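Trainee: Chain by chain, the residues run as shown.
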Amino acid sequence: MSTAVRVEVDADGVERLNLELRRLAAEGAAEIVVKNPRSRHNLAVGQTAPVRILVDGSAGYYCGGLNAGAHIEVARNVGWGAGEAMAAGSLVVSGGAALGTGASMRGGALVVRGNCGPRAGVCMKGGTLIVEGSVGYAAGFMTHAGDLIVLGDAGEALGDSLWEGRIYVAGAIRSLGNDAVVVEPDDEDSARVHALLAEHAIDGRFAFKKVVAEQRLWYFTSRNAEAWLRI
Amino acid sequence: MCGIAGIILREPGPVGDHLARMCEAMRHRGVDSTGFALYGEPVEHLVVRLRFRDATGWEEQLETLIVGLRESGGDLVADPSLDRDPRAPDRFARLELTFPGPVRELADVLAGRGGVEIQSVGHSLEIVKDLGDARTVAERHGINKFRGTHGLGHVRLATESITAVSYGHPFWAEPFPDVAIVHNGQLTNYYKSRRLLEQDGYRFHTGNDSELIAVYLADRMQRGQTFYDALKGSVYELDGCFAYLLSTADAIGSAKDMFAIKGLVVATVEEGVAMATEEQAIRAVFPDELETVHPDPKSVFIWETGGRVLQEIV
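Protein chains in written order, with my numbering: chain A, 30 to 260; chain B, 9 to 322.
What the hints contain is simulated information worked out from the structure, not anything from laboratory work. Just so you know, these numbers come straight off a predicted model, no measurement behind them. Where is the CB? At the ideal position from N, CA and C, for every residue including glycine. Treat the hints with care, since some could be wrong.
[Claimed, not checked] To be clear about the criterion: a stretch of chain B counts as covered by chain A if any three or more of its residues have a C-beta under 8 Å from a C-beta of chain A, and this derived list gives those stretches:
| no. | region |
| --- | --- |
| 1 | 55-62 |
| 2 | 294-306 |
[Said to hold, decoys possible] Derived SDA-like pairs: lysine to any residue, alpha-carbon spacing no greater than 25 Å straight-line:
| no. | chain 1 | residue 1 | chain 2 | residue 2 |
| --- | --- | --- | --- | --- |
| 3 | B | K306 | A | K154 |
| 4 | A | K238 | A | E193 |
| 5 | A | K64 | B | K306 |
| 6 | A | K154 | A | K64 |
| 7 | A | K239 | A | H173 |
| 8 | B | K306 | A | G162 |
| 9 | A | K64 | B | I269 |
| 10 | A | K64 | B | H36 |
| 11 | B | K200 | B | G232 |
| 12 | B | K306 | A | L258 |
| 13 | B | K306 | A | E185 |
| 14 | A | K64 | A | M171 |
| 15 | B | K200 | A | L225 |
| 16 | B | K200 | A | D182 |
| 17 | A | K64 | B | D237 |
| 18 | B | K240 | A | E185 |
| 19 | B | K306 | A | L205 |
| 20 | A | K154 | B | G120 |
| 21 | B | K240 | A | L205 |
| 22 | A | K64 | A | T77 |
| 23 | A | K64 | B | T276 |
| 24 | A | K64 | B | P295 |
| 25 | B | K306 | A | E193 |
| 26 | B | K306 | A | L225 |
| 27 | A | K64 | B | R29 |
| 28 | B | K306 | B | Q194 |
| 29 | A | K154 | B | R29 |
| 30 | A | K64 | B | G232 |
| 31 | B | K200 | A | R203 |
| 32 | A | K64 | B | D62 |
| 33 | B | K306 | A | A201 |
| 34 | B | K240 | B | M266 |
| 35 | B | K240 | A | E161 |
| 36 | B | K240 | A | G206 |
| 37 | A | K64 | B | M266 |
| 38 | B | K306 | A | R234 |
| 39 | B | K306 | A | R203 |
| 40 | B | K306 | A | T77 |
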């Protein structure tokens, strides 16, 4: 089935809507439009098929969460925890995102065209989170793995308690979090980040600052007790 | 959990209906109790909302209270409006009255004999709160009919303190007329802050930290701080995670803690400004796509009534 299918979000039907999306995808729908989303929570959660889902407006919390292969696009804004724990596929948000965007994501790509609130990429364990605007307080908080790429500015406490993830910021960094450090990106970094951007039709060359863990929190030593107490 | 809501209109309108619908849309955030702080047309005298804890003997308590009011130089300016729901274990009353002394003394006269809780005192503020979800409370108390300029709403999932009407939101900032708060969060320096305020003579009727925020802010403004500075100061003096809305006779202010744990969405619409824990609550009243703002950590906003232009301070 190659034609678009329209699905309306009714007053209490988000769970049924998500099951309907899965059913339509299993029947071979190539593209599904979710009309009238009304900023409702949990839209397009738990999708497994590589179907294209267009959310025709703003969504609430956890939009596209647990995604395992769908390509989801949101026409406007999303609330908390967009793409939470997604493992594969993509989520593209045309507007802005509230806090905890891409929380615990393990794979796939999440692109926010606007700004993100606090704790973007918190506990990321893989995948790519690209923010074309700016990120708020404590972006990359406790990020374990994956790439957080910010074309705008970063707020306070960037990369706090970062583990093995990598953060790239093209704009200004207001302050670094505990155990985060700015290092010079090499040519390989630049090539890889620009390739990731190109995958999502973001052109241009950016001079990034790369933020990684200084690794003072990786192993406890009494000399670093003060750093541990700040966690 | 808990959910908070606020609305401020450019022209007087159905604030009760708006807030009831916003609270209903956040039902999943708590059904232990629901409350509203509504601002109607201001009057010269005072409007008092009371709750009698016990459905037996409340009429005598009301009589005694009115005698006490008259002995203190005050009087009723209209017959009391009474809630007589026979199924309920308690009774509610709305009094319009004059009182020659400070509101603190009025509170003693009305509640000094026990059995009575003052829900609010003000020239335009009326707080209504009760057990149950938004629909239950709105229906029992006729919230949807209330017209006014602005107001707050709250749905509560009791976490830090007991489920009781007196512990529900909004809280009136005794003894400051027309000041109310709804709050989503927890304070971690509650007891210390409470003792400091008690040393200054304030008293608290519950162990709920939200009551403290209202009194704390009203006290700062009483001491000459601007509304803005009081809100901003709270971000640094109150520890914990919170998003709250404080309402006065002519404004609503908001503040968020420095870690931005709790959600708050603000939308400017043609009719005014609406704010809530969740965007879908605002869209229960204003269904079209909205231009929204998610206040940053440590940020403070104030929206004022009384003019076509609503002021916003970031």
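Trainee: Confirm or reject each hint.
Mentor: Results of checking the hints against the structure:
no.	hint	in the structure
1	55-62	violated (count 0)
2	294-306	holds (count 7)
3	B/K306 - A/K154	violated (29 Å)
4	A/K238 - A/E193	holds (16 Å)
5	A/K64 - B/K306	violated (36 Å)
6	A/K154 - A/K64	violated (32 Å)
7	A/K239 - A/H173	holds (15 Å)
8	B/K306 - A/G162	holds (21 Å)
9	A/K64 - B/I269	violated (30 Å)
10	A/K64 - B/H36	holds (23 Å)
11	B/K200 - B/G232	holds (23 Å)
12	B/K306 - A/L258	holds (23 Å)
13	B/K306 - A/E185	holds (12 Å)
14	A/K64 - A/M171	violated (36 Å)
15	B/K200 - A/L225	violated (51 Å)
16	B/K200 - A/D182	violated (38 Å)
17	A/K64 - B/D237	violated (43 Å)
18	B/K240 - A/E185	holds (18 Å)
19	B/K306 - A/L205	holds (18 Å)
20	A/K154 - B/G120	violated (59 Å)
21	B/K240 - A/L205	holds (24 Å)
22	A/K64 - A/T77	holds (20 Å)
23	A/K64 - B/T276	holds (23 Å)
24	A/K64 - B/P295	holds (13 Å)
25	B/K306 - A/E193	violated (29 Å)
26	B/K306 - A/L225	violated (34 Å)
27	A/K64 - B/R29	holds (22 Å)
28	B/K306 - B/Q194	holds (15 Å)
29	A/K154 - B/R29	violated (39 Å)
30	A/K64 - B/G232	violated (51 Å)
31	B/K200 - A/R203	violated (33 Å)
32	A/K64 - B/D62	violated (50 Å)
33	B/K306 - A/A201	holds (20 Å)
34	B/K240 - B/M266	holds (11 Å)
35	B/K240 - A/E161	violated (30 Å)
36	B/K240 - A/G206	holds (23 Å)
37	A/K64 - B/M266	violated (36 Å)
38	B/K306 - A/R234	violated (34 Å)
39	B/K306 - A/R203	holds (15 Å)
40	B/K306 - A/T77	violated (39 Å)
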